[in-house]
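With chain A fixed as given, assemble chain B onto it according to the hints.
One-letter residues, chain by chain:
Number of protein chains: 2
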Amino acid sequence: MDLNNRVAVVGAGLIGQAWALVFARAGCEVRLWDADVKALHKAEKLVDELAHSLQESGLVDDATALMRRVTRCDDLKDALESVNYVQESLPEVLSIKKDFYTRLDSLLPSTVVVGSSTSSIPASAFTEHLAHRERYLVAHPVNPPYLIPVVEVCGAPWTSTEAVKSCIELMRAVKQKPVHVRRELDGFILNRLQGALLREAFRLVEQGYVDIEGLDITIKEGLGLRWSFMGPFETIDLNAPGGISDYCDRYGGMYQTFAVDQGSTDAWSNELIERLHKARRELLPTVDLEDRRKWRDKRLMALAMHKKNLETDSLK
Amino acid sequence: MDLNNRVAVVGAGLIGQAWALVFARAGCEVRLWDADVKALHKAEKLVDELAHSLQESGLVDDATALMRRVTRCDDLKDALESVNYVQESLPEVLSIKKDFYTRLDSLLPSTVVVGSSTSSIPASAFTEHLAHRERYLVAHPVNPPYLIPVVEVCGAPWTSTEAVKSCIELMRAVKQKPVHVRRELDGFILNRLQGALLREAFRLVEQGYVDIEGLDITIKEGLGLRWSFMGPFETIDLNAPGGISDYCDRYGGMYQTFAVDQGSTDAWSNELIERLHKARRELLPTVDLEDRRKWRDKRLMALAMHKKNLETDSLK
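Line by line, the protein sequences give chains A and B.
Under my numbering, the first residue of the first sequence carries the number 11, and numbering increases by one thereafter.
Under my numbering, the first residue of the second sequence carries the number 11, and numbering increases by one thereafter.
Since the hints were derived computationally from the structure, they do not count as laboratory data.
Worth double-checking, as some hints may not be accurate.
One copy or any two copies: either way a pair holds, since identical chains are not told apart in the list.
In silico DSBU-like links for lysine-lysine, alpha-carbon gap of 30 Å or less [said to hold, decoys possible]:
(1) Lys52 - Lys185
(2) Lys52 - Lys308
(3) Lys187 - Lys288
(4) Lys187 - Lys318
(5) Lys185 - Lys288
(6) Lys55 - Lys304
Since the model is a prediction, treat every value here as computed from it, not as a measurement.
With the rest of the complex left out, here is chain A (with noise of 0.2 Å):
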């Protein structure tokens, strides 16, 4: 993959901003269009921000130099022009998808690949009725893409195997994470890890085994230290002498047991959210929001720094 090559992002909000300074961290030209004109200006400036704080933080060398690669193109064809790879992040919105990719998928060389920040929409609902739509997929990232590296790559039935294999490759060179999501469903594969989890943690606290405060200091002082340096395969296949099979041997009856009382698929209730919800408040007030996301994004900045510290030694 050579990074000299020239990607598209089209769609310049949040999502758009971020996948910008992704790819020009890595050396790749950005070319940079959203159909409104004033927020792309605004949105280059804000890159541009974004750049020089992740330099502070030691996440960008040169953000001067990264900032030389990013181009505002005013103009839809300018922005696609000699392009190997194009980003779109445009509204969650199924009409609005279809009509772009329409428009796209004439005005782009049929090898070029496309690949949708959507999380939330299938690519076989926007690309089924187009000439070209065997390069067309989702490649869904986590908010922020520069501090989170997981790209989900889920292409459409008629999705080619190049195509799929090519974005996973870019991903790879710009230092992303890609998993490869090889049958479509709904939240891809993150979402649902979140939601299982949540949905016993609402349950256990519904059913006054623990409260709200216990159960988040139970995930980010026990199972997420160990989660965010190794996935949950990972840790169950150290914990037992011989494996995953030893470990599933050993604690698989455990888990089935729990399983029983997990098995409810009843909705969260209105009180319980509302309950959920005034704890939370009473830890952490309204008004105050705002500065605990800043934090949370600081705290990742350092966790982010402190993986790729231990990346240049041997504890990689």
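The following block gives chain B in isolation, referenced to the frame of chain A:
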């Protein structure tokens, strides 16, 4: 809580050794006992080695001073003399616990609280028959507790509020993170949460949506990064403008949809376990499991140090 107080650590296996280190690191005087005198002597040496290895990572200030606070007691009566708390880490065998607690109950003044490290037996199963049963509870650590600070504190129905409170205060004083589990349940909180996530992970791999490596990446390069410093409730509370109830309004419906697929309580099939085991062994041969466990512990140490450093600045 006066940390010059004396605690007894009974049972000197891996968990007992780790507890001795946790208490002594915080300034407590530790009396270490095991029925097997040979194992006890070996354990003292291992705690010493551990303390020095943690000193190298910056997680212990002065290993030699720490070890001066650890006294090996060949006799149980000596170990229990003038202690304020007992941490029991005997084998996970009900009859062993029952016999030992009967003996303990007659030896200890009735005010001394006793916490069991058990991960699988509720306190009610081995304390019902005792004269002073109100002072017994479970204080379940995660291995190793000097790196993973969460401790699940769970009383039997007859455990006194004072005993629970005093154990929680002691755990906080020795820098662990106690979580009050308010009613007995198998697996307490942490393993229930792990089980819920594992169940969905097994399902997603079984149904061909993702492979074992992709699933692990989704956690360690995605959700796990946040969860290493924020629990799941704080995570979703920050992820919608109006906090957790706003988040449930926006995404609750999506998670309920997932739950229908996740509701199955079928056991993990042998075929699936075999497949997962094979996939893990391709990523990590059995012969390398032990080295990878050492790598894991070093990463945990580095992460603990990273979190410790942040606590001294504004990112606490």
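Results of checking the hints against the structure:
1. Lys52 - Lys185: Cα proximity of Lys52 and Lys185: one copy only (26 Å, versus 46 Å across).
2. Lys52 - Lys308: For Lys52 and Lys308, only the intra-copy Cα distance (23 Å) is at most 30 Å; the inter-copy one is 44 Å.
3. Lys187 - Lys288: between (37 Å within a copy, 23 Å between copies)
4. Lys187 - Lys318: both (13 Å within a copy, 27 Å between copies)
5. Lys185 - Lys288: Cα proximity of Lys185 and Lys288: across copies only (28 Å, versus 40 Å in one copy).
6. Lys55 - Lys304: within (19 Å within a copy, 46 Å between copies)
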